[in-house]
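Protein chains in written order, with my numbering: chain A, 1253 to 1638; chain B, 1253 to 1638; chain C, 1253 to 1638; chain D, 1253 to 1638.
Since the hints were derived computationally from the structure, they do not count as laboratory data.
Some hints could be false.
No copy is singled out in the list; a pair is fine if it fits within one copy or between any two copies.
[Stated by the list, open to error] DMTMM-like cross-link-like pairs, simulated, lysine to aspartate or glutamate; straight-line CA separation at most 25 Å:
1) 1434 to 1524
2) 1256 to 1310
3) 1525 to 1441
4) 1636 to 1310
5) 1634 to 1472
6) 1434 to 1559
7) 1408 to 1482
8) 1434 to 1281
9) 1256 to 1330
10) 1469 to 1629
11) 1525 to 1482
12) 1443 to 1375
13) 1525 to 1353
14) 1256 to 1281
15) 1498 to 1482
16) 1443 to 1600
17) 1256 to 1296
18) 1408 to 1524
19) 1469 to 1624
20) 1469 to 1482
21) 1634 to 1624
22) 1634 to 1529
4 protein chains.
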Amino acid sequence: MHRKLNMGMIGGGRDSFIGSVHRMAAALDGHCNLACGVFSATPERSRAEGAALHLPPERVYVTFEEMIRAENQLPPGERMDFVSIVVPNHLHFNIARLALETGFAVVCDKPMTYSLEEAHQLEAIVAKTGLLFALTHNYTGYPLVKEARDMVRSGKLGAIRKLVVEYPQGNLATRLESTGNKRAAWRTDPKRSGAANCMADIGTHAENLAEYVTGLKITELCADLTSFVEGRLLDDDGSVLLRLEKGARGILHASKISAGEDNGLRIRVYGEKAGLEWEQQQPNILMYKGMSRPTEIHRAGTGYVSDLARFNARLPAGHPEGFIEAFANIYRNFILSLQARLEGQDPEPEHTDFPTVRDGVRGMAFIATVVESSQSDRKWTKMKEY
Amino acid sequence: MHRKLNMGMIGGGRDSFIGSVHRMAAALDGHCNLACGVFSATPERSRAEGAALHLPPERVYVTFEEMIRAENQLPPGERMDFVSIVVPNHLHFNIARLALETGFAVVCDKPMTYSLEEAHQLEAIVAKTGLLFALTHNYTGYPLVKEARDMVRSGKLGAIRKLVVEYPQGNLATRLESTGNKRAAWRTDPKRSGAANCMADIGTHAENLAEYVTGLKITELCADLTSFVEGRLLDDDGSVLLRLEKGARGILHASKISAGEDNGLRIRVYGEKAGLEWEQQQPNILMYKGMSRPTEIHRAGTGYVSDLARFNARLPAGHPEGFIEAFANIYRNFILSLQARLEGQDPEPEHTDFPTVRDGVRGMAFIATVVESSQSDRKWTKMKEY
Amino acid sequence: MHRKLNMGMIGGGRDSFIGSVHRMAAALDGHCNLACGVFSATPERSRAEGAALHLPPERVYVTFEEMIRAENQLPPGERMDFVSIVVPNHLHFNIARLALETGFAVVCDKPMTYSLEEAHQLEAIVAKTGLLFALTHNYTGYPLVKEARDMVRSGKLGAIRKLVVEYPQGNLATRLESTGNKRAAWRTDPKRSGAANCMADIGTHAENLAEYVTGLKITELCADLTSFVEGRLLDDDGSVLLRLEKGARGILHASKISAGEDNGLRIRVYGEKAGLEWEQQQPNILMYKGMSRPTEIHRAGTGYVSDLARFNARLPAGHPEGFIEAFANIYRNFILSLQARLEGQDPEPEHTDFPTVRDGVRGMAFIATVVESSQSDRKWTKMKEY
Amino acid sequence: MHRKLNMGMIGGGRDSFIGSVHRMAAALDGHCNLACGVFSATPERSRAEGAALHLPPERVYVTFEEMIRAENQLPPGERMDFVSIVVPNHLHFNIARLALETGFAVVCDKPMTYSLEEAHQLEAIVAKTGLLFALTHNYTGYPLVKEARDMVRSGKLGAIRKLVVEYPQGNLATRLESTGNKRAAWRTDPKRSGAANCMADIGTHAENLAEYVTGLKITELCADLTSFVEGRLLDDDGSVLLRLEKGARGILHASKISAGEDNGLRIRVYGEKAGLEWEQQQPNILMYKGMSRPTEIHRAGTGYVSDLARFNARLPAGHPEGFIEAFANIYRNFILSLQARLEGQDPEPEHTDFPTVRDGVRGMAFIATVVESSQSDRKWTKMKEY
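In isolation and in its complexed conformation, chain A is listed as follows (with noise of 0.2 Å):
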C-alpha cells in the first residue's frame, strides 16, 4: 500500500482563485496531505495564510529558495514529495527549475513559462533529471474529454478533417486590470504575462484540448490578436485559422471581451464518418454525431465508455462532476505515478495520463507563433515548435 504523500505549494493564497483549486483537487481523493508553503512574499501574510490551512507554523516559508532547501533536509516521507507551483507566469521557471534541481517533482500551472525559450529549457532540466512534471492544464482532465480521444483514437470519427475549438469569456470586457483586481492586473502586464494575455491564459487550454482529442499537432497557423479595450498593452481576443498534421485544418478562436460568457471552452471535431462535440460548461455531456443515425449523447459514469473515461470519474451517470474532480484527475494521476516511482517501480500506463512538459512546450510554442503571425502580412506562419 503506497504512502500518502506530502504536497508543498508556492503561491495559492486564500485570495487566488487557482490555488484553493489545487488545493482541493490535491486532498480530494486522500492520497496526499499539504505538508509545506510559501503563501506570500510578506512574512506575516504567508504565516496567516499557513495556519489557516492547519500548517505547522515551521512549514511555512517566506520564499521558494527557503523552503526548497529546507524541506529538502527533512527526511523523505517527512519533507514535501512534490512542489505546485501557483504563481504568475515570469516566475514558474526559476522556481520549476531549482526544485527540479533540488530533486523534487513539480506540478506547475499553466503556461508553462514567461517564454518559449524558458520552456525549451526547463524541458531540458526535466528530462535530465528524470523527475516527473505535470502541467496542469485541467480541462484535458474530464472524463468525457478522454472519452473524446478515445473515441478519435479507435477511429469512430475516421480520418479527421475539421477541427472548431473555441474559448470565449467575458470576465476582461472592460479594464478590469484598473481595479486593483490583482488577477487580470498581471495577466495583462507583459512583464508578468509573457508575450500574450488571452491566448496565454486561455488560448493555450483550447491548443491543448485541439491536440489532446485529435492527437493532431498544429502545423502552422493565421492568427488576429486584437485589444478591444483601451490601453490594454496585451491581446484581449483572438481567431486563428489552423494547419494540422494530416491535412486537418481548423479555427481557434478564444476571447476575455465576449460580453456575457462565462467559461465557454469547447470543441467540435469532424472526421470523415463521424463528429463529436463537447462543452466545458455542460461536461457530463459528449455529443456524438454520425451520419445518417440519430446524435448520441454519451455520458460520463455510464458502462459504456471507455476504460479511459471510466478511470477518471469517481460517479456514476447522472450525479454531475466538474471542475475540481478534472482537475483533481491530474493530482491523482501524477500522485499514484510518483508513489509508484517513489517505491522504484513504473507506473501503471493509465496512470501517466496527466499533461507534462512537453504539453507546457506546445504552449508556449503556440503563444509564440500566433503573437508572430499576428504581427505579419504572411497567411501562413509555421508553429515555432514541431
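Starting from the known structure of chain A, fit chains B, C and D onto it as the hints suggest.
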C-alpha cells in the same frame, strides 16, 4: 383592400426541396396564388408538375422566355405579378434580366448570380427598371434575427467588437454528387454553381446574417477554403477571419463536411456592453448576454420584443415558428410592397424589410473575395465590393 | 389529379389567433382554397373580414345556417367541400350537426363539444352520415409525435409502464378575463367553455397526446383541480394520477397559472426496454433513451425515421418545422382523404391519420371524469367512456 | 484558528459508491481528516479497507460499538470528533443512538432510520444530548438550490401556488437485485430498507428539496406506488399529489424504472409573480421565469446571487461544481458549526445551513404517509408528522 397577387415560377418541380418551400412560403399568408410556371425543360414533365400543382394547362410553360412573353400579353390582374426564380445559379441572371426588362418584379434564390460581374449588371438593371427584387436569404426572415438586429441598432450591445458566425452541415461529407443527387451535382459543378460551392450556398447565408444583424459591412478577410472529398472541384469547407467596419472583428466558418451536423447556422455578437446568440435550429429563442447579470432568453411571439420582430411573427410565444414561416416573411413583405407599388403607393417601411439586389451583390462579392483570398499568400484581401 | 378543395369557415376573424392558424394550415400545401365564411355575427364585421381575406362578398355570410344552406345550393366544385368550425365550445355541436346533416365534411376545433352528452350525439351523427370529421388536436400532427407513436407500436420501448405528460402555461396567472381579453373570457366562463377551463383547453391536448403516443387508453384517474385566481369559476390548474390499459400508470398535469411558462406540452414514456421524451417547444427533436447505452436524439426530416414520420414532414433535418406545419398535417391528411372520398375512392391508410370524432369523445369523457374525480373523496374514478 | 477535525466512519468501504462520496466531501475543504473507521463486519476486510485509506491499523475497527468505545477513550484532539454513518437504513438508529449517547456528533445518510418511530426517538435523543446531527440530503447543498430558496423567501415569486418535483431514474428497470448488486439488494429488501424502496431512497430527496426550496410543509397527499418489476416486494415507482401549507398544491413523482434516465431530480415552483426551475443534472443553472419578460438564466458563482448561494460555491461562474461539492457543503457547514461548538462558541448562522434530525423526521413521515395513502381508497391522507 389589395387584391391577391399572381405568382409565376421558373424551376422548382416537386423533386426540388426549395421549389416547394417557395410555394408554401408564398401561400402561407393567403396574399398570393400560384398562377403559372415552368417546372422542367421537358414539356411533358413541366405539364405534369403544373397539373399536380392545380395549374390550368395553358399557364404551364416550357421555357422562361415563352412564359415571360405569354404572361406579359395577359391583362393585368390575370397575368403573373411577379416571377420566382428557383433554378441553379448559372441560370439566374438571364431569367431575372428578361423578367425585369419585360416589367416583372422578381423573387430570386441565392446566391444571386453566377459571378460578381453578373451581380453588378443585375443591380444596374434593377435600378434602371425601378422594379422590386427580393433575394431569398431566408434566415434573416426569422423574427428573432430581426430582434437581434434591433438589439444592436438600439444600442443594447454597445459598440460591436466581435462576431462569430458559423454554418456547419454534413450533407456533403461523402461524394453525394456521384450518387445521382441532382442538387449536390450542380452545387459542386463550377459550370453551374460558380466560383464556390460551400461558400456560395451557405457561406453567403452566414455573411448575409452577419451584416444584417450587426449593420456592419465586412471590409477585408482572410480565407482558407478546402475541398476535403476527393475529386470534388469546389470547396466543401471554409474558415474566414473577418474585419468589419468600425474596428469590429470576426470569424465566419461554413462547412458541408461536418459529419453529423444538419443545418447549424449560428451567430454570436459581442459588444462593449453585452452579447447575443441565435441559432437557426432553435429559432424561437434569442439569448441576450449582459455583463454581471443573468443571461436572458428572449422568445419570439412575446409582448416584449421589438415592433420589427413582432411584425414578422404569426403566433404567440411557445408556438414554434420555423423555416417556412421565416421564408414566408420575405414573400409576405415583398408582396405587401408590391401590392402598394401596383396601386401607385409607397410601401410601408416595415414591408420593405426583405433582402434585395444589394444583398445579392454583397453575397457575390463575398464569394469572389474568399476565393481570391484562399488562393493568396497575403493575409488580408479587401472585400471586392465595399 | 385531384382538384383543389373549397373550404368554408365559421368563426376565426382576424383577431382570433386560432382562426388564422386554421387558414395558414389549410393553405400551406396548396390543396385547398378558402371559399366562404362567417367571420362575425355582426354583418359589417363579417363582410370586412371576408374582404380582407380576398373573398367575394357573396360568399361571406352572417349566420352558419345561412352559409350551409346557401353553399349547399351551389354546384359541386364551386360550393364549399368542407367547413371548419372555429368558435367557442358551446357553439360547436349545433354547427357540426347541421353541416353533417346537410352533407358537409367537418373540421372542428377542440374540445369537441360543450358536454360529453353532445359528444356522444355527435359521434352518432358522424356514424349515421358517414362523412369525414377531423378534430384539430394539432399536437399529434408533429412528425416526431408520430415517430414516438411508431416507436411504441414497433416495440422499441417494450411494454409501457409509466407515462408523464404535462402542459404548463402561465397565461392565466393573472385575471386576464377581466381585462377585455375575449379568449380568456369565454374559456373561463362555464356557460361557454363547459365543465372545465384548463383541463378542457389544454388538459385534453395532453390526454390526446398520451393516448396517441402510447396506444393505451386511460381507464381510471384521480384528479385535483384548482382555481387559484380569485373569482375564477373554472379550474386554472390540475394534476391527475392516471391508470391506463395493460397496467400502465401515469401522471398528467396541466396549468394556466405556471407563471413564466409559454406552452410547455411535454411527454415522457417509459417501457420495459427504453424511454422516450418529446417537447412541443423543441418539436424537431425526439429523445430515445435506451438502457445502458447513449441516449439518441432523433431528428425530424432525417432518413432514419419511420414512414409515418416522414410522410408528415416537409423539410429535411435542420430546417425547423413548427406549430403551423403540424396543424397543416391534420388539414392535409383530411383533405387527401376527402379528395379520395369525393371521387368515390378509399383514402390511403396514411392519409387517415388525423384525430376524429372518436378522439373528441375521449376528450369530453376526460373532462367529465376529471371534474367528477376532483369533487370526489374516492381515490379512483373510472373514465366515463371506455 | 480552528483545528482540523477527526472523522470516523461506519460503513462505506471502497465498493460503496456513497462511502467514497462521504470521504471526498469531507476532505474537499481541508478542515477534516479521516481518523478511524469500521468498513466491514469482516475483520480482514475492514483492515484492508482502512489501510487503503492510509489509516493506522489501531484506528480500524470491526464493530461500531468497539469503535465508539475505543475512540471515546482517546484524548480530545486525537479521538474522532464526529462519526459518519454510511450503512443500510435498518442499522442507522442503533449506531446513531450509541454515538450520540457517548457524546459524538453524527453525520447520517438518508433516509434517517428504518421507521418513523425510530425517527421520533432519534429526534428526542438529539434534543436530549444537544449534539450536532447532520443528515446528508445532499441535493439541497447545491448553491443554486439555496438561491432558489432565497428567491422564494425574498418574495421574488410571490405567494407559492404550484410545485412540481420529480426524480426519475432507470437503474432498477430490470431486476438488478437478483444479479448480486448489493445496493439494489438491500434497497429492495423490506427488512433492511424499511417500508419503501423508491420513495425512501429518492422520494425523500424530492420531498426534502420541495420543502427546503418553498419553505412550505406538505400537509396531505394522495399516493400511487407501484412495483413494476416482477417479484419485487417494495415500490419502484410512485406518483403523489400534494397539498402544502398556505394553499399550495403540487406533484411529486419518483421512479427507478424510468428506463434511460440517470438521476433526473428536478424542481419547478410557480408563484403569483414568477416561476423557477432547477435540475440536478445541470446544477449550475437556475431558471427564473418572470411574467411578460425574458426568462433569466441565473448561474452559480456569479456576483448577483444571494449571500447564501455565494457562501456555498467555491468557484466563479463557468467552472462547474457538481455532486461532490454540494455534498461537501453539508460537511463543511457541519464541521464549521462543530468547530465552533467544540470551542464553546455559537456557530455562525450561515454555517448551520445543513439538514438535521428534523429533516430526517419529515422524510420518515413522508415515507410512512405515502405508503399508507397508496394502500388507501381515500383520496387524501394527512402527513403523519406535521
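Evaluation of the provided hints:
1. 1434 to 1524: For residue 1434 and residue 1524, only the inter-copy Cα distance (22 Å) is at most 25 Å; the intra-copy one is 46 Å.
2. 1256 to 1310: For residue 1256 and residue 1310, both the intra-copy (20 Å) and inter-copy (17 Å) Cα distances are at most 25 Å.
3. 1525 to 1441: This pair counts as between: shortest inter-copy Cα distance 24 Å, intra-copy 45 Å.
4. 1636 to 1310: Neither, since 45 Å and 58 Å both go past 25 Å.
5. 1634 to 1472: both (4 Å within a copy, 23 Å between copies)
6. 1434 to 1559: Answer is between; shortest inter-copy Cα gap is 23 Å, intra-copy 41 Å.
7. 1408 to 1482: between (46 Å within a copy, 20 Å between copies)
8. 1434 to 1281: between (31 Å within a copy, 24 Å between copies)
9. 1256 to 1330: both (10 Å within a copy, 19 Å between copies)
10. 1469 to 1629: both (24 Å within a copy, 22 Å between copies)
11. 1525 to 1482: Classified as between: cross-chain Cα gap 15 Å, same-chain 46 Å, threshold 25 Å.
12. 1443 to 1375: within (22 Å within a copy, 54 Å between copies)
13. 1525 to 1353: Answer is neither: 48 Å inside a copy and 49 Å across each miss the 25 Å cutoff.
14. 1256 to 1281: Both ways: residue 1256 and residue 1281 sit 10 Å apart in one copy and 17 Å across, limit 25 Å.
15. 1498 to 1482: Close across copies (15 Å), not inside one copy (40 Å); limit 25 Å.
16. 1443 to 1600: Answer is neither; intra-copy 40 Å and inter-copy 43 Å both fail.
17. 1256 to 1296: The answer is between: 21 Å across copies meets 25 Å, while 29 Å in one copy does not.
18. 1408 to 1524: within (9 Å within a copy, 30 Å between copies)
19. 1469 to 1624: within (18 Å within a copy, 28 Å between copies)
20. 1469 to 1482: between (35 Å within a copy, 23 Å between copies)
21. 1634 to 1624: both (10 Å within a copy, 22 Å between copies)
22. 1634 to 1529: neither (27 Å within a copy, 34 Å between copies)
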